[in-house]
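Protein chains: 2
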Amino acid sequence: MDREKLNQRIKDRGREFFKSISGEAPSVFNKSWWTGKVMDWAMKNENFKVQLFRFVDVLPYLSSSASLVRHIQEYFGGEQELPGVLKWGARGAGGLGKGIAGKLLAKTIYSNIQSMAMQFIIGENTSQAIKTLRKLRKDNFAFTVDILGEATVSEEEALFYQKSYLELLDVLHSESKKWKGILTGGDKDWGYAPMVNCSIKPSALYSQARAVDFENTVDVICKRLTPIVAKTKEIGGHLCIDMEQYAYKDITIEVYKRLRSKEEFRDFDQLALVLQAYLKDTDRDLEELLSWARSEGIRLSIRLVKGAYWDYETVIAKQRGWEIPVYTIKAESDAAFERQAERILQSHEFCYFACGSHNIRTISAVMEMAKELKVPEDRYEFQVLYGMAEPVRKGLLNVAKRVRLYAPYGELIPGMAYLVRRLLENTANESFLRQSFAEGAEMDRLLEDPQKIVEEKRKNKTTSHTSSATTRTPFKNHPLADFTKKEQREAFVQAISEVRQELGRTYPLIINGEEVYTQEKVASVNPANPQEVIGIVSQASREHIDRALEACRESLYEWRQLSGEDRAKFLFRAADYARKNIFKLAAWQVLEVGKQWDQAHADVGEAIDFLEYYAREMIRLSRPRRMGRAPGEINHLLYQGKGIAAVIAPWNFPLAISCGMTSAALVTGNCVIYKPATLSSVVGYTLTSIYQAAGIPKGVFHYVPGKGSEIGDYLVEHPLISVIAFTGSMEVGLRIVERAAKVKEGQEQVKRVIAEMGGKNAIIIDDDADLDEAVVDVIYSAFGYQGQKCSACSRVIVLEEIYDRFVKRLVEAARSISIGPAEDPHHYMGPVVDENAQKKVLSYIELAKKEGKILLLKDDIPQQGYFVPLTIVEGITPEHRLAQEEIFGPVLSIMKVKDFDQAIDWANSTRYALTGGVFSRSPRNLQKARERFRVGNLYLNRGITGALVERQPFGGFKMSGVGSKAGGPDYLLQFMDPICITENTMRRGFAPICEEDDWIE
Amino acid sequence: MDREKLNQRIKDRGREFFKSISGEAPSVFNKSWWTGKVMDWAMKNENFKVQLFRFVDVLPYLSSSASLVRHIQEYFGGEQELPGVLKWGARGAGGLGKGIAGKLLAKTIYSNIQSMAMQFIIGENTSQAIKTLRKLRKDNFAFTVDILGEATVSEEEALFYQKSYLELLDVLHSESKKWKGILTGGDKDWGYAPMVNCSIKPSALYSQARAVDFENTVDVICKRLTPIVAKTKEIGGHLCIDMEQYAYKDITIEVYKRLRSKEEFRDFDQLALVLQAYLKDTDRDLEELLSWARSEGIRLSIRLVKGAYWDYETVIAKQRGWEIPVYTIKAESDAAFERQAERILQSHEFCYFACGSHNIRTISAVMEMAKELKVPEDRYEFQVLYGMAEPVRKGLLNVAKRVRLYAPYGELIPGMAYLVRRLLENTANESFLRQSFAEGAEMDRLLEDPQKIVEEKRKNKTTSHTSSATTRTPFKNHPLADFTKKEQREAFVQAISEVRQELGRTYPLIINGEEVYTQEKVASVNPANPQEVIGIVSQASREHIDRALEACRESLYEWRQLSGEDRAKFLFRAADYARKNIFKLAAWQVLEVGKQWDQAHADVGEAIDFLEYYAREMIRLSRPRRMGRAPGEINHLLYQGKGIAAVIAPWNFPLAISCGMTSAALVTGNCVIYKPATLSSVVGYTLTSIYQAAGIPKGVFHYVPGKGSEIGDYLVEHPLISVIAFTGSMEVGLRIVERAAKVKEGQEQVKRVIAEMGGKNAIIIDDDADLDEAVVDVIYSAFGYQGQKCSACSRVIVLEEIYDRFVKRLVEAARSISIGPAEDPHHYMGPVVDENAQKKVLSYIELAKKEGKILLLKDDIPQQGYFVPLTIVEGITPEHRLAQEEIFGPVLSIMKVKDFDQAIDWANSTRYALTGGVFSRSPRNLQKARERFRVGNLYLNRGITGALVERQPFGGFKMSGVGSKAGGPDYLLQFMDPICITENTMRRGFAPICEEDDWIE
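Top line first, the protein sequences correspond to chains A and B.
Residue 22 in this note's numbering sits at position 22 of the first sequence, with consecutive numbering throughout.
Residue 428 in this note's numbering sits at position 428 of the second sequence, with consecutive numbering throughout.
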């Protein structure tokens, strides 16, 4: 193929294409209509665009005019500020909120937006949809129908979705009998294509689809797709499996292959798959798929699209610390599309090609390549979205004939969500459509070979990466586990099996670097299987504490004298070790405290984050800060470790919190006596190994598991202890605060207590909350790690307006959850940590039965192990114990309130103030929450667990905590005494003047 | 006078002058000699210069070779690093510290520097001096002799200085009988000038000279000068009163005028005065002096100099917030000199003129002006410093004949100090000498009219002062009182008299804005005169506390919801009010708690500083801080007031500390219950007035003086209290810590206690300490405000090497102090605060007699009032109670140690760790102190009291304090709960991207 010549022909064809549709614009950009005006305004004003899209998103939830008017005011300001464009076309100039006129304007806006949506959607239900399809077919457009739906949060919803497709196929089948094939007549379109053509989102078929549970997810989706595929085959239709977010990509490809490997579908080449050209993986995926098909003798059908989740994929990857899976230069995706289209066209003998693009350059390229490769016309077609780029589809029809419209239908809520995506696409800066029709970009530039653009862009990128080895990079969170990667899933399995080899060992105390095996020992067991002993752990006595303290006293001076930078180096080394061993460290937690894979991995990641962050923080704080600028004096503010710290750690974040508290104490120049929780002493021992590997001097850190009754008070009250860092229950925390405050004989310093205590955290569901997100996030916040997080959601406060809708979905979602041992990633929920916890939770369930009405008591749980039923109870009010006491288990109370103010009052009505959440799309209510919802960590429109180091400094007040936020910039200060050193630098009337001095000009 | 022509003639003459001395350089710049080489190096290398000058300064204290070698190493690095220039001329290349060779090199350096000094000093004693003077006279130079001495810290030293001058005059007189008048022969030089000519520093004649005690200072100095002037007159000599620092300027002028107003000296026109052209005041001072002389018919003699304390004056003014008294552009001083010289020459008929300058432009200008004004030759002369600018003096002799050398002599210690000043002058960037001889600056530029240069410089100064009213200026400390200003002295007298009119009133509680007069009342009295009742103060009961708490509870929500900026505005207004009323506010303290003027003024200044600083700090902290940069989420870290604060204040900084603690609590959004100390309740009431004037809402701040036994624990334990800010004794502090830690029924929050407690502060006197400074600063640190500061020095730890010298001067300095009521600024020390304090101090004095040896028990104190003797005791070791217990009075223990390590160990040997000080000129020991001297505020080479807001954030650890430093950047955090608000900004896969996001490139 002569590339240059081909490119020239592509350009020529493109120019002709443009000419053939010149003067026409897609209706969305037509400024004589409301939509066109609004889009124009949105493209000029980024803030308006954001507000508009958000408003469109919330619109279907606004069921009363009052609510509609209020939201318009909140999103777009008062009547004065309401952009003229929104008022356009409304009769009368009545201001918003001023009675009937205002309501009328609001209604106008509502219906304008509704009709905007109807531009992209073929109907709200099947019968409307069929009507529209008929019209389209009259205009010689084929279709593929897609059912829009809310996110599938429960199995009930998944099965409903499946059922809808089966019904749709039936309806289309019977309807199609009345149709004639496009262009050619007969019972096929274009002479060869089935008239009934549907597209389906696989993830919607299984509410529990998760990458970590790969096998099972593939399995269930295959199972649920099978009847749909079978029916499609039966009626002689076509079905395309849509490609969604990157997280489902491997699952979807695997689903497709499994289905096609089935005997009944091996030959059913009307089952198609979508590939997204913007994914960096796609070249490889395509090759694998083609070679698999070739070797299996299977005929494929592939729709190639650019991909519609670019913003989402990029943001999520950035948030989680993953490599961005999509191309970040727009032209890279365009070039990939052409490259991949060529590969498919080359394989036309066994692979049918659907080209999904609105880009005239892309379309022209496909046409010219097909011509060059002599691909028969019945081996490829073109697809565009309904309602988008009408001139393109018209032009396509003229030249290519075989044009299929992607035609979604569905109810208002998912409809608006779909509208937002379409608007976003139309208005994105780099969108071909925006450039072609809204901005009139130069034709030649639009038709340029994207590969050339990529090369130019790459050339222009300055390579100024001066990553000198001496300067530390800024802090970044350790990436979350990415279980879409097979390697990571396999590594976890491997790690668990390795750890299992090591179970049952006996563990010593570590005092002054020496292993001390004691008479008194305690066995730590697997809560999912208490027969399985994780380790047998030596228990410290008071004499052991004395020995450790003595070693601290001897080491303190030298350790404190090290520079902050030097101490930080130990933490960096510890982080290196933990990074290398992350899977194994996580596996210990899975077995010892019943953490799910992702959460165990996140716990180790958080430990690494603490090490990396506190090390950098210490370097920052150990630079003496000059105070004031007076000449002749230098005032340096600096900080020095307080002395010996007792760290009393919990079992629920057995590595992260232990590591956070100890590393903060260490890096600030304190010696540490570390008492892990008894239930997680073996994980505590892994922390000891990390510090040993990092070379922390032996006198500086001591591992002393032991009974609270034996050594707890002793440590807290000991006169040699200067700092106590504690995380645990309020009861123990307050006891420590009280006991530590009494100064003992020989005590050098008033003790500093840093205590993270309990929570009774609430999430408020406003009447306009996005339930797709709210349900999923409440479930995770309440039942993630069995609710055994101080940050967990234990109350959900729901406005009555939305109560029924929310609660129904919530309960169904919870019902869909699987409960079982954490080592099997299939289970969303595992056992609670021990028998005491089990008993406590069960007693609260009994109480729930008395105080409220049980909505769900999910008791299909293993008999062995410390499992408890997942429980949801409604009818709870602040007077109930269930609304006040920390349960630390999977028991969620639902509280119904009249309005948002009551919601906040109820949320604030406990002794605790740790985390809280609000799901709302009302800017005013979000602001109200910011001001009035009194918690340490407030989360707006997301779950309330999973705070990350630096990004969400963590900790509460009231009875939830004493001290500043872990993982935040003030945390280390608590472990140090501030010191100011003032030097008079003037001698004999002569003072050297420094640059920063406030000296004469 | 035709200015242009005159200027031309000046330049012509200057050019000739330069030509006449061309090729010659002052010996100090002669590079073939050690001094020249070293000076050259110093001018090229600022760091070396600093080290060299400091080394020169400490040199005479290095009495052993070991000490000499050690200091050379510390100042100039090890043998490898020793700059070659220092080794120059030394025989053998032996490294320092390597036995004999090293010692030899050190000795060489020592003697080189010594001979450098001898270049500027005519001898170490009178007989050496006379010898040199003889030589000078042979070369036709007249002289004026000055006795160099250490700073006068005691009356003994002052009287010794006086005696030395009387003896000098006798010796010179008898010697002069052997001399012949220069040029003309006879018994006068030049035919008219006395051969015996001395210069004297007036401040050296009175150890207690202070601007605030103006009248008395003038009086004593006059008295002590009188016999010297009389003897000068008697022997027919000449005496010039030198001008020293700006602080003594008005005193010195007044002394001169008083002396000349005496009948016996009215006609003695050989008593001269120096004026400094670099002072902005001098134009006015000169006019006043001339018109006074004219009207009194007195004949003057004035030496005009540029001024030698430029660095000092500038640094001090910057440090204290005063207007800089000197010109900051060098040419401004030069221009002023010419202007003032002209005024004097115009008055030649009654004013003799001595022109003191090395600047050829200046000299030429004086010559030409004298010529223009036809001033007879016997009405003016030229003076230059001995050892400086030899070519100039030679050239001057050629053309002007009448050249007098300023010829100091004295011992090594003051000699080296003098040397440093001379070297500084020679090497200053803008020094005429440096430019003329070392740098060969262009002749024309050097001879330019300085007024022209000034105008050019001013023109070039960009006027980019965009002081928009909306932006706050950065924080600056309130200026310290400047009692050199008559207005300030008078304002204080006025304020005391105003306050005295208001004594004896009855004061109510202020609860919720209401005045509440109670049955129970306590009288507050003047500790210098307990008969004098300051005020009668209502005492709060528990019911009053309840009422105040209830009001707080009602006001809290609204107050906390205000923005930090809005709350800060109240503080700015309070500061405005306090600034306007500073003298009166200070006067209340003088009478109620016996504070000296300057300290009472500083206390109000500190209160203003707290208001201004915390307001700005709150504005800083209330800007939400974005954490992390992940796109799609905004994490804001912010802070919210904890609730209701109890502020329990001390009497010793009755406004400053009360204001600091309350304003911090208020501005962070807490309501405040303020309990002042009983002994300073009336000053406490002035704080209430300040807040009322600022408009602090009535429910937010409550004034509740009362007995600790009645309301202290009640407040501390009350469940509604969330924060306790306390400053006072360790005993009470620890009681509060303990009681506050017990959580009570109904308590919402674990209490935060911020407690500033006691100190047992030590100053270490190293064997190379500058005693001139150490003695003065120890006296002030120990006896300022009667030692009633938590920061006061109560132990001085002295190395045995320097023990005798230091202790002798210290005791004599202390003996010179005057004790009496604080309202009379003459008294350095006043009464302790009440009878209890008096008894306590007296009992410690009894203990001192047992534990150590009393060196001074200064009991010339008023009988009335709570006065105690100033006491110094030696022989104290760490075992003694005197070394361990806080006395809070003027009792200073001296501890003798072998070496610096022992000094630090002893310094650290108490339960406290508040302030500490070190006087040392050993870089290594200063570093050791930085690392090992464990106190909250460490001061190197200055006193240990008087910490300023922002510049010296204040507070200690161990048993000295709980919490962070007052007036520092972490202080406000303690009054707030940190809150992190996380918003998920992604909706429907669409997230607005912010500028700071970590977004793709």
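Some clues are possibly wrong.
The list treats identical chains as one, so a pair stands whether inside a single copy or across any two.
As a list, the in silico DSS-like pairs of lysine-lysine whose alpha-carbon atoms are at most 27 Å apart [to be verified]: (1) K849 / K896; (2) K401 / K374; (3) K742 / K707; (4) K178 / K486.
Hints in this document: simulated from the structure, not taken from any laboratory.
All figures in this text were calculated on a predicted structure; none of them were measured in a lab.
Consistency of the hints with the structure:
1. K849 / K896: within (17 Å within a copy, 77 Å between copies)
2. K401 / K374: This pair counts as within: shortest intra-copy Cα distance 17 Å, inter-copy 114 Å.
3. K742 / K707: Answer is both; intra-copy 22 Å and inter-copy 24 Å each pass.
4. K178 / K486: For K178 and K486, the Cα distance exceeds 27 Å both inside one copy (48 Å) and across copies (110 Å).
This entry does not satisfy hint 4, going by the numbered hints stated previously; all others are met.
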